[in-house]
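Residues 1 to 357, numbered by our numbering, are exactly what the sequence shown covers, in order.
Mixed in with the good hints there might be a few duds.
[Stated by the list, open to error] Distance windows between CB atoms, simulated: (1) Gly268 / Ala48: 33 to 39 Å; (2) Gly337 / Gly117: 28 to 34 Å; (3) Phe220 / Glu186: 31 to 37 Å; (4) Pro119 / Trp140: 26 to 32 Å; (5) Gly162 / Phe195: 41 to 47 Å; (6) Phe182 / Gly332: 27 to 33 Å; (7) Ile46 / His216: 32 to 38 Å; (8) Leu154 / His116: 29 to 35 Å; (9) Tyr66 / Gly162: 39 to 45 Å; (10) Phe150 / Val50: 23 to 29 Å; (11) Asn174 / Val145: 36 to 42 Å.
Think of the hints as simulated: they come from the structure by calculation, not from any bench. Every value quoted in this text rests on a predicted model; they were computed, and no experiment measured them. Note that beta-carbon positions come from the ideal geometry of N, C-alpha and C, so glycine has one too.
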Amino acid sequence: MATGPDRDAEAGAVPAKDARRLLGKRSAARLNVLRGIFLRRLSGLIAAIVLTMIVFTAINSFFLTYVNLIGLVRSMSTFTIIAFGETLVLVSGELDLSVGATYGIAAMTFGLLWMHGTPFVLALAAGLGIGVLIGLINAWITTVVRVPSFITTLGMLSLVQGVTFLISNSQSINPPSKLPGFGVFEALGGLEFPFRIPIQIAWLAAVAAIIAFVLHRTLFGFRLAAIGGNPQAARVAALPIRRYKLWVFAIAGACAALAGILDFSFIGSTTPSAGANLTFPVFAAVIIGGASLSGGRGTVLGTLIGAFFLSLLSNGLSLLGVGAFAQLIFVGLVTIGAVALDRWTTTWGGETQSIQL
Numbered sequence: 001m002a003t004g005p006d007r008d009a010e011a012g013a014v015p016a017k018d019a020r021r022l023l024g025k026r027s028a029a030r031l032n033v034l035r036g037i038f039l040r041r042l043s044g045l046i047a048a049i050v051l052t053m054i055v056f057t058a059i060n061s062f063f064l065t066y067v068n069l070i071g072l073v074r075s076m077s078t079f080t081i082i083a084f085g086e087t088l089v090l091v092s093g094e095l096d097l098s099v100g101a102t103y104g105i106a107a108m109t110f111g112l113l114w115m116h117g118t119p120f121v122l123a124l125a126a127g128l129g130i131g132v133l134i135g136l137i138n139a140w141i142t143t144v145v146r147v148p149s150f151i152t153t154l155g156m157l158s159l160v161q162g163v164t165f166l167i168s169n170s171q172s173i174n175p176p177s178k179l180p181g182f183g184v185f186e187a188l189g190g191l192e193f194p195f196r197i198p199i200q201i202a203w204l205a206a207v208a209a210i211i212a213f214v215l216h217r218t219l220f221g222f223r224l225a226a227i228g229g230n231p232q233a234a235r236v237a238a239l240p241i242r243r244y245k246l247w248v249f250a251i252a253g254a255c256a257a258l259a260g261i262l263d264f265s266f267i268g269s270t271t272p273s274a275g276a277n278l279t280f281p282v283f284a285a286v287i288i289g290g291a292s293l294s295g296g297r298g299t300v301l302g303t304l305i306g307a308f309f310l311s312l313l314s315n316g317l318s319l320l321g322v323g324a325f326a327q328l329i330f331v332g333l334v335t336i337g338a339v340a341l342d343r344w345t346t347t348w349g350g351e352t353q354s355i356q357l
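When you get a sec, could you build the whole thing from the sequences and use the hints?
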């Protein structure tokens, strides 16, 4: 019988230590297979990006200018930060549909507290903390109450959006410049480095580096892929599944909160509906970048390239005068294609072969 809070199943006939060793060996072999699959898919995605850039540049020469590309990267930075957190969740074999709502309530919480006299640093910490709290609640309901993460986070999406409208009285907020700490607030999302490089790129690079290190260079990331790729084997190996999922949901919530606060800073205001349209592009970027809906696979580099491709497509279509609704059609088709490719890879690529212990 399980002896601790992190035990999700009995160890069975195989000692946990031996099971972990065998799981590690077979997970390493599986990761080698997945690495080959990822490289093939990444090559195709890069080819699609190059082709897209050639076509749009031929039609509109402004597309490939420095000003346009800098603006493109600025616009993609915040939703890509959210996508990095979502990558961890998908690798663990779960989903988080509440990230858009978390983005909105974090910015609103920070802004309201700050405007009502809370010191800037404490208000900022509260905004980030609300994101972490939402992630922890999602993880607790998913792993302890055992409600599927799709249902849990879908319900949390609606709940958090409702709370955001309630605490804001359905009004947008615009902090006045006389508030203490306003200069720091403006710099968070509005500072520019030489050559007009926006600070969002620095934030994007920092979060990417941290998530990439955790996912690809630590035992935590290795075990997370094992948990998502074969939950049954992970339970037999007595891996701390609940604890790992608590961490990834909390990180996803923190990423969403950070993105919301950065956009609040850059725009100078926020609304109760902020983030309502972010969930789809976040998932699209992660899936197009090669993450698997069945868990166990996903990379920061793939997510970054997937987000860049989506932003490239949207930016190019906008320059061509294509309306927002038509852009949604294009993005939807690309996403469906990516999911279909993922399912085909799962079925025929051999990546879901079970680890027998």
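Here is how each hint holds up against the structure:
{"no.": "1", "hint": "Gly268 / Ala48: 33 to 39 Å", "result": "holds (36 Å)"}
{"no.": "2", "hint": "Gly337 / Gly117: 28 to 34 Å", "result": "violated (51 Å)"}
{"no.": "3", "hint": "Phe220 / Glu186: 31 to 37 Å", "result": "holds (36 Å)"}
{"no.": "4", "hint": "Pro119 / Trp140: 26 to 32 Å", "result": "holds (30 Å)"}
{"no.": "5", "hint": "Gly162 / Phe195: 41 to 47 Å", "result": "holds (43 Å)"}
{"no.": "6", "hint": "Phe182 / Gly332: 27 to 33 Å", "result": "violated (40 Å)"}
{"no.": "7", "hint": "Ile46 / His216: 32 to 38 Å", "result": "violated (19 Å)"}
{"no.": "8", "hint": "Leu154 / His116: 29 to 35 Å", "result": "holds (32 Å)"}
{"no.": "9", "hint": "Tyr66 / Gly162: 39 to 45 Å", "result": "holds (43 Å)"}
{"no.": "10", "hint": "Phe150 / Val50: 23 to 29 Å", "result": "violated (35 Å)"}
{"no.": "11", "hint": "Asn174 / Val145: 36 to 42 Å", "result": "holds (39 Å)"}
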